[in-house]
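Q: Here is what each chain is made of, one letter per residue.
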Amino acid sequence: MSIPNFIIPDLLLLLFPFIVIGSRLFCDAKSNVPWRIANIGFLLIFMLLNFIPLAGGEGRFFICNWRVDDFGVFMREVLVVSAILGMWFSKDYFMHAAAGKPQMHQIAEFIGAIAFATFGGVTVVSACDTITFFLGLEIATIPMYALTAWNKRDQLGSEAATKYILMGSVATAFELFGFSYLYGFAGSLHFDAIQSAVAAGTSPLLWIAVLFLFCGIGFKLTLFPFYTWAPDVYEGAPTPVTAVLSVTSKATAIAFLVVLVYGPLAPVQEQIAPLIALLAGVTLFVGNLGALKQYRLRRFMAYSSIAQAGYIMVALLGTAAMAKTAIIYYLFVYAVSNYLAFFVFGIIGHHREEIFDSLRGLSKQNPSLAIALAISMFSLAGIPPLAGFFGKFHLFFSGATTGHYMLIAFAVLNNVLALFYYLQLVKSAWVDEPDGHLNPLRLTRRQRGVIILLSCAVVVLGFLPFLSDNIFMGFSGF
Amino acid sequence: MNLMNCLILAFLLFGIGVWGLMRRRHLIGMLISIELMLNAANINFISFAYFTAQDSTAGALFSIFVIAVTACEMAIALAIIVTMYRRHHSLDADQLRDLHD
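Chains A and B, in that order, are what the protein sequence lines are. When you line the first sequence up against numbering that gives the first Met the number 0, it's residues 0 to 477, in that order. When you line the second sequence up against numbering that gives the first Met the number 0, it's residues 0 to 100, in that order.
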């Protein structure tokens with residue numbers, strides 16, 4: 000049987016962690032070979048993904064159960080970009096320890112775990128039935144538990160991981176309960192069958208299933224009543240894991256919702272819109288309120304990402320095509336801005352504690368770092384010339400097309416609230432005078448390169464029209 | 000035995016799981032509660048597969064997958080809990096206090 004071209008990146012991504020971890024068997028502990036293999040592998044997969052021509056409509060199928068549609072291709076790109084940036088970010092934590100934390104070990108396995116989580120996300124967007132869907136979500140989550148507890152000697156890490164795995168398993172149970180009712184309602188696990196059953200008529204069983212599914216995914220997406228684990232886990236986990244968690248895990252959860260709402264539940268999307276609107280509104284409000292009073296950087300980022308999840312949920316109120324475009328674009332922007340912020344925090348965290356006060360005097364000591372921080376914060380807050388503004392605009396526009404103006408107004412007002420705390424961070428870096436002597440900040444060449452790259456990306460993504468076609472497709476014979 | 004009885008049984012098990020999770024302060028006890036919730040979902044799948052579904056193999060298959068996934072999850076959970084135990088020499092959930100607002 001011949002293997003179709005569009006499946007090659009997925010297969011590579013599945014093999015990739017085994018190759019990276021396996022390569023460690025053949026070289027000594029200090030060797031750089033697994034790291035090089037990981038770099039080449041991820042970049043190759045990203046290149047190949049860009050060569051997949053877009054198909055439109057239903058997408059292409061592999062053994063009738065693995066769908067590669069346009070949304071899926073772009074989600075794969077987001078996930079792989081996140082994995083690459085996470086890998087680059089984590090490298091320094093394996094070379095020398097962050098302030099007050101033990102050094103990390105076993106980079107090959109670490110990258111392997113990130114790759115597994117990425118593959119889980121890919122499985123979620125390719126699924127055509129609930130078994131694959133559920134497995135994908137679990138493959139994406141289980142490595143995250145292990146990553147959170149990666150630093151065995153770090154007390155906060157294991158505490159965060161314990162909280163995370165307890166909450167995550169409860170979420171899994173809720174989801175499974177929802178899936179079981181959905182199966183009972185439709186009598187089949189295939190998305191098409193579920194969709195036609197839902198279109199044929201609803202019953203209380205379906206609504207209970209939807210409620211359970213939203214509870215389950217609410218945990219993973221840090222939606223309102225279920226977000227309480229996020230600040231603890233974001234603070235306790237090693238910084239690179241926090242960065243990966245805030246992008247890959249969130250992107251996977253959002254992809255899950257998009258596939259669910261515009262796939263099997265598409266006929267009742269309008270009926271569940273009030274639920275989505277309620278969750279979105281409360282989540283972004285709570286996230287913003289929580290972020291106001293934080294002084295530790297990673298806890299602050301946790302609340303910020305809770306609020307961002309609320310903004311992304313707003314887009315789910317719109318029609319399928321618009322919501323998908325808006326969400327993909329926003330996820331790209333969010334990934335880039337978030338990683339930029341985390342790179343800056345990571346460099347600070349290598350020398351000082353990760354709190355707001357550590358940022359004081361940054362503009363004098365290292366202006367380029369302060370500029371990068373300002374760019375990422377302004378982008379997350381949604382200030383016009385930067386990418387974050389256009390991302391949020393599309394999200395709100397998608398929600399507005401179906402007439403949820405009250406929610407949009409509420410979200411925009413909340414954005415003003417968000418601006419306050421993002422600006423406070425910028426203020427610490429630019430206005431506040433440092434107290435006493437500052438340790439000098441050393442940047443490696445990789446860090447400097449990535450920060451410049453990401454800063455440019457945040458600025459340029461705002462000017463470029465959305466890449467509506469796949470990037471390299473014009474000159475590919477794929 | 001009919002479908003309704005099985006669903007009620009599953010729902011009760013799920014409820015017991017949630018209740019246990021809230022009440023228990025022992026990490027292993029909490030894991031067992033979670034296990035109860037997951038198995039309640041399994042009972043749902045199997046009873047729907049047996050009584051109503053057109054596609055009855057799928058439901059039975061799903062429950063087998065769930066068992067496998069749960070095993071993975073519990074393996075990692077136990078590994079994490081062991082690292083917790085090495086540090087605190089107790090499995091009380093109330094000691095998870097270092098991270099807070």
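Read the hints as simulated data drawn from the structure, not as lab findings. Treat the hints with care, since some could be wrong.
[Claimed, not checked] Straight-line distance between alpha carbons at most 25 Å, and here's what the computed DMTMM-like set of lysine to aspartate or glutamate pairs gives:
{"id": "1", "chain 1": "A", "residue 1": "K151", "chain 2": "B", "residue 2": "D54"}
{"id": "2", "chain 1": "A", "residue 1": "K100", "chain 2": "B", "residue 2": "D93"}
{"id": "3", "chain 1": "A", "residue 1": "K363", "chain 2": "A", "residue 2": "E432"}
{"id": "4", "chain 1": "A", "residue 1": "K292", "chain 2": "B", "residue 2": "D100"}
{"id": "5", "chain 1": "A", "residue 1": "K426", "chain 2": "B", "residue 2": "D93"}
{"id": "6", "chain 1": "A", "residue 1": "K100", "chain 2": "B", "residue 2": "E34"}
{"id": "7", "chain 1": "A", "residue 1": "K151", "chain 2": "B", "residue 2": "D100"}
{"id": "8", "chain 1": "A", "residue 1": "K292", "chain 2": "B", "residue 2": "D91"}
{"id": "9", "chain 1": "A", "residue 1": "K151", "chain 2": "B", "residue 2": "D91"}
{"id": "10", "chain 1": "A", "residue 1": "K151", "chain 2": "A", "residue 2": "E432"}
{"id": "11", "chain 1": "A", "residue 1": "K100", "chain 2": "B", "residue 2": "D54"}
{"id": "12", "chain 1": "A", "residue 1": "K426", "chain 2": "B", "residue 2": "D100"}
Q: State for each hint whether it applies.
A: Going down the list of hints, with the structure as the test:
1. K151/A x D54/B: The given pair, whose Cα atoms are some 45 Å apart, is violated under the 25 Å limit.
2. K100/A x D93/B: holds (24 Å)
3. K363/A x E432/A: holds (9 Å)
4. K292/A x D100/B: Holds: K292/A and D100/B sit about 9 Å apart, inside 25 Å.
5. K426/A x D93/B: violated (37 Å)
6. K100/A x E34/B: violated (34 Å)
7. K151/A x D100/B: holds (23 Å)
8. K292/A x D91/B: violated (30 Å)
9. K151/A x D91/B: holds (19 Å)
10. K151/A x E432/A: Violated, at roughly 37 Å.
11. K100/A x D54/B: Violated. K100/A to D54/B sits at ~53 Å, over the 25 Å cutoff.
12. K426/A x D100/B: Since the Cα atoms of K426/A and D100/B sit roughly 22 Å apart, the hinted pair holds (cutoff 25 Å).
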